Amino acid sequence: MDSNKGRSTPSLGKVYWAPARSLWFTLMYGGALLGGYATFRWDALALCLFTSAIALCVGYSVGIHRRLIHNSFQCHAWVEAVLVYIGVLVGVGGPFTLIERHDSREWAQSQPRCHDYFTSRRNPFINWLWTIHCAIQLHYPPIVQYEPRLINNKFYQWLEQTWMFQQLPLAIACYYGGGWSWVFWGIYVRISLCATLIWLTDYLACRVGDRPLYTKGKAVQRGNIPLLSLLTMGESWQNNHQNTSYSARFDGRSRLDLGWWLIKALSKVGLVWNISRLQTKAPLPASRSAVEGVNP
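Start counting the sequence shown at 1; every next residue gets the next number (our numbering).
No lab work stands behind these hints, which were simulated from the structure alone. Computed from a predicted structure; not experimentally measured. Errors might be hidden in some of the hints.
With beta-carbon atoms standing in for the labels, derived distance ranges [unchecked claim]:
| # | residue 1 | residue 2 | range |
| --- | --- | --- | --- |
| 1 | Pro-226 | Ala-53 | 41 to 47 Å |
| 2 | Arg-41 | Ala-265 | 29 to 35 Å |
| 3 | Trp-273 | Asn-123 | 21 to 27 Å |
| 4 | Ile-172 | Ala-38 | 35 to 41 Å |
| 5 | Val-269 | Trp-128 | 21 to 27 Å |
| 6 | Lys-268 | Trp-78 | 16 to 22 Å |
| 7 | Thr-215 | Tyr-175 | 45 to 51 Å |
| 8 | Trp-261 | Trp-78 | 32 to 38 Å |
| 9 | Tyr-16 | Ala-53 | 29 to 35 Å |
| 10 | Arg-113 | Ala-173 | 36 to 42 Å |
| 11 | Gln-74 | Ala-173 | 28 to 34 Å |
| 12 | His-139 | Trp-261 | 26 to 32 Å |
Think of the CB as a built atom: it goes at the ideal place given N, C-alpha and C, for glycine as much as any other residue.
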């Protein structure tokens, strides 16, 4: 069931400026450029790279994407909460925002036609501007449904409302650990770097890359970007991920996927189990977040 009697479509809509999101990233990018330059130290750079790797791998790739969005493995509630919290520290959105953004984009790209907002047809600057500073209002939007255990989770509700403020404890720790240099590089530069890397991966995957798997009728056939596999913790294996059903492994076989390596390591100590493997893609199950709606 969708919101427009079966007429939901991703091809008709208007891109608009999202003030809160735009101001947040303007502050982050501005602080990274000005404060990062003024306070550069090698230990601050090391902090930035280390915390970016932890946030992207443990939080964004494993916690948010592979667990919260795709349910590609099972784990204790406290393990999921820790992974999701680290994912929120990436600084690009709360848990429900990230679920909706992912599912809306995946639904749109799986249709025969979709708005340029969901693709990389525009030039890099316009696409970056839309991704970082804007949102889209579809004329015939779908309904986003969340798994009850997620939408009723008080901790996730709190994270959704306060995701920007979650940087404050980390900023205080950075200040006491290394002064303003650590604050600018551990918060501003890190968030800007992570946001840019996430955007760049999606942009390139829609334009270039290997496409060994193909699904007929999709507006966007995403590609694999091997050169970004290390930096993105395996998230750049977009063609594999687009055409497999909620597999915890994105890289196919014998390739670089740090997110998958982490999941395997967690399974060895009993923190995760029931890990999904590569298989043919299936419709979104009702047990997780789903974007419902069909093209007219």
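Verification of the hints:
| no. | hint | in the structure |
| --- | --- | --- |
| 1 | Pro-226 x Ala-53: 41 to 47 Å | violated (18 Å) |
| 2 | Arg-41 x Ala-265: 29 to 35 Å | holds (32 Å) |
| 3 | Trp-273 x Asn-123: 21 to 27 Å | violated (45 Å) |
| 4 | Ile-172 x Ala-38: 35 to 41 Å | violated (20 Å) |
| 5 | Val-269 x Trp-128: 21 to 27 Å | violated (39 Å) |
| 6 | Lys-268 x Trp-78: 16 to 22 Å | holds (18 Å) |
| 7 | Thr-215 x Tyr-175: 45 to 51 Å | holds (49 Å) |
| 8 | Trp-261 x Trp-78: 32 to 38 Å | violated (22 Å) |
| 9 | Tyr-16 x Ala-53: 29 to 35 Å | holds (34 Å) |
| 10 | Arg-113 x Ala-173: 36 to 42 Å | violated (47 Å) |
| 11 | Gln-74 x Ala-173: 28 to 34 Å | holds (32 Å) |
| 12 | His-139 x Trp-261: 26 to 32 Å | violated (43 Å) |
Violated hints, in rising order: 1, 3, 4, 5, 8, 10 and 12; the structure is consistent with all others.
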